[in-house]
Amino acid sequence: MAVLSPTQPSRGLGGPTERTPRRVGFSQRLSRWDVKVSPYLYISPFFVLFAVTGLFPLVYTAVVSVYDWNLLGGQGDFVGLQNYTDVLAQPTFWKSLRNTLSIFVLSTVPQVIAAIVIAALLDQNLRAATFWRMGVLLPYVVAPVAVSMIFGRLFADQYGLINSLLGLVGVDPVRWHAETFASHVAIASMVNFRWTGYNALIFLAAMQAVPRELYEAAIIDGAGRVRQFFSVTVPQIRATIIFVVITSTIGGLQIFDEPRMYDAQGLGGADRQWMTTVLYLYDVAWGNQKNFGRAAAIAWLLFLIIIVIGMINFMVTRRIATSGAAPRAQRRGRRGRGALAAPRAAAGDAATVPEALPADTGTPEPSPTERRKR
Amino acid sequence: MLTHTPRRRAAMALAGTATLALALTACGSGGDGGDGGSSDGGSSGGKIELTVATFNDFGYTDELLAKYTEEHPDVTVKQVKAAKSEDARTNLTTKLAAGGEGLADIEAIEVDWLPELMQYPDLFEDLSDPALDGRWVDWKVQQATTPDGKLIGYGTDIGPSAICYRQDLFEAAGLPTDPAEVAELLGGEDATWDDYFAAGAQFVSKSDAAWYDSAMSISQAMVNQIDNAYEESDGTPKDLATNTEIKGIYDTVIEQSTTNGLSAGLEQWSGDWDAAFQNDGFATMICPAWMTGPIEERSGGVTGWNVADVFPGGGLNWGGSFLTVPASGPNAEAAKELAAWLTDPAQQTTAFENAGTFPSQIEAQSSEQVQSFTNEFFNGAPVGEIFVNRAQAIEGAPFKGANYFAIHTTVQDGIKRVDVEKTDDAASSWDKTLQAFQDLGL
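Protein chains in written order, with this note's numbering: chain A, 1 to 374; chain B, 1 to 442.
The set of hints was computed from the structure by calculation and includes no laboratory data.
All of these numbers come straight from a predicted model, not from anything done at the bench.
Every residue, glycine too, gets a C-beta built ideally from N, C-alpha and C.
Certain hints may be false.
[Said to hold, decoys possible] Facing chain B, from chain A, some residues (calculated, C-beta under 7 Å):
id : residue
1  : L71
2  : G76
3  : Q82
4  : Q90
5  : I150
6  : G152
7  : R153
8  : Y159
9  : G170
10 : P173
11 : A182
12 : S231
13 : D263
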């Protein structure tokens with residue numbers, strides 16, 4: 001197209017021999033750029049938005065964390081890593097980490113297992129399937145603060161409904177706010193209440209994409225329901241499992257609303273027995289200390305911890321999912337995803353081919369940012 | 001595909017980062033609900049709109065605000081109400097931190113926020129005005145005055161405290177029920193905490209209910225009666241380990257609450273506390289003027305509440321608010337005038353009738369409307385007269401510096417561990433309190 005376009009009067013010095021290749025070259029370059037650059041331009045709005053709303057705060061937080069910075073007083077002196085050492089020296093920080101991990105394990109593990117089971121049940125031929133599917137999503141619609149306030153009262157130590165029910169069956173009242181473990185269970189139950197149904201729907205979507213002939217083949221081979229579930233369903237939805245586990249991890253380590261609203265004071269109890277790290281961050285920044293520098297340091301420490309834990313459970317989940325990869329390789333190939341990764345995974349030990357997996361996570365899923373905005 | 005994976009991994013890392021950053025910023029921008037940020041209120045044609053940001057219920061009705069427009073035709077007044085004082089506080093501190101953008105022309109504050117705000121007096125207009133000398137009780141003005149004499153807020157209400165009690169539970173336990181006799185039982189004019197605890201011992205020996213709701217509120221009251229509880233007057237924090245006054249209160253309250261069983265073991269504003277009103281959980285309560293509202297809210301169907309004109313250990317002020325004018329506002333002069341008008345005795349008396357906010361203005365306290373005010377829910381108790389008497393018993397305001405609440409929280413946590421959560425005994429909980437005090441790094 002560009003080659004055929006009529007020439008304009010030459011400007012400047014260049015003779016025809018120079019001019020033509022230059023013009024053609026430029027046009028070609030333009031169209032080459034068009035091919036190469038345009039896709040990136042099309043997706044750039046997301047990344048521009050991300051840079052403004054995500055990357056900038058992240059970097060700015062890092063800057064704040066190396067200054068003495070009061071909420072009202074603003075920026076103070078440069079203190080280097082002092083804020084980090086201060087935070088690491090505070091027993092409350094470590095206690096908050098312990099609480100966060102404990103609540104995270106108590107919520108994520110049962111939640112993912114329950115969600116898979118519920119999804120498997122919903123995947124059967126039920127009457128009024130839509131009704132049941134919407135039903136499990138209902139708790140997700142309830143605002144987390146409302147959930148926390150209601151559960152805070154259900155789990156009240158003296159006059160709570162849960163303790164009254166326990167009393168009916170002769171169990172001594174549990175001190176849901178006072179005891180460390182009991183309070184973690186109570187808070188985890190709020191998280192589970194809210195997120196199990198949501199995860200179940202994600203699993204259900206993945207399960208419905210599992211080719212039905214696999215089940216037919218399994219039945220012909222004599223596999224029962226349970227065997228089908230473990231040998232067909234679970235391996236088939238492993239990419240989704242990884243996705244759910246990772247997003248649950250990120251969300252689980254950022255638990256805030258539930259412990260914040262669990263009692264009147266919102267600081268995690270007198271002993272800080274259920275204060276999570278984000279709650280601690282909030283208390284440092286907006287509580288009595290009003291210390292933004294330290295709060296920013298906590299935010300960064302939490303960020304690094306989430307990355308480390310995310311990596312660990314990525315590795316673990318992948319290892320589980322790829323053990324005995326050879327027979328599954330065929331099926332994956334048939335589903336048209338991970339076709340290249342599968343032979344490699346089949347060829348060697350999972351640990352030696354870390355590239356195998358990211359390909360699988362490329363299946364369309366709700367974006368991680370959709371989830372757990374807290 | 002192999003060559004793409006590093007990039008893809010980078011993208012994943014980026015996406016993960018985005019999730020975290022979004023979630024964290026989402027947390028950070030909470031509590032922004034308060035006011036609509038109309039401080040840029042149009043000043044077209046000499047007309048200006050002033051916004052007043054309040055919380056809970058200050059008793060400023062639309063009619064009251066319209067009255068100001070009648071007197072000042074160029075000014076319209078808009079009120080922005082936050083449902084909870086914490087929301088208003090977060091809104092105020094966050095916007096002050098952001099340079100004052102979006103603040104209302106007049107921002108209401110609670111007395112408890114003063115220590116932190118007083119460190120940055122330049123953020124507020126100096127409201128001192130010789131014409132207003134003598135409008136408020138002295139200690140109310142003193143609370144909002146910086147060391148170099150700058151007044152950052154006009155007083156609205158105060159919290160003179162009496163004792164609220166359940167006359168039905170008293171009767172069942174064989175104690176007198178008439179307010180005057182109850183006042184006498186609790187020690188009359190020179191009531192001491194010992195009198196109050198002794199009456200409690202008498203009560204709990206004949207009743208299933210506890211004497212008071214929470215050891216935390218009792219200790220809060222006792223600490224508030226000390227002039228320099230945690231800090232010297234120049235703001236230097238006292239060492240908690242050698243603070244015998246505080247340790248004395250700690251020991252007394254815990255002994256009375258647990259060993260002698262006077263406390264219901266509740267934390268105020270918790271779900272259990274709410275429920276205890278319906279379950280005859282306790283018979284008496286420390287009762288600042290504004291507490292009559294929350295008691296009534298929680299006591300549907302309970303008819304026995306009354307108020308005794310007495311308070312152990314002298315007078316007690318609990319809470320109270322001020323109106324401030326942020327320095328960044330474009331209409332600071334007009335706002336100052338409005339704040340002075342709103343805290344005028346006449347307006348405050350109206351506000352008291354609307355919402356029960358007890359006036360800090362001397363003239364309003366002696367007015368007929370306040371003096372003759374009664375509360376039907378409290379069996380017709382003459383609450384106006386009672387709280388005026390209680391206000392006169394208040395001698396001054398204790399010093400609360402920048403570290404007051406940080407230290408106070410460590411002590412309150414110590415009492416909570418023993419009285420409410422029952423996870424520690426007095427000694428081990430005090431050790432934890434001292435540890436927490438150390439961690440403050442003062």
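Hint check:
1. L71: Cβ of A:L71 sits 5 Å from chain B, so the hint holds.
2. G76: 13 Å, violated
3. Q82: 12 Å, violated
4. Q90: It holds, given that the least Cβ distance between A:Q90 and chain B is near 6 Å, below 7 Å.
5. I150: 10 Å, violated
6. G152: 6 Å, holds
7. R153: With a closest approach of 4 Å, the A:R153 hint holds.
8. Y159: Check passed: Cβ of A:Y159 comes within 4 Å of chain B, closer than 7 Å.
9. G170: With a minimum Cβ separation of about 21 Å from chain B (threshold 7 Å), the hint on A:G170 is violated.
10. P173: This interface hint is violated because 11 Å lies over the 7 Å limit.
11. A182: 11 Å, violated
12. S231: 28 Å, violated
13. D263: A:D263 check passes; min Cβ-Cβ to chain B is 6 Å, inside 7 Å.
The earlier numbered hints that this structure contradicts are 2, 3, 5, 9, 10, 11 and 12.
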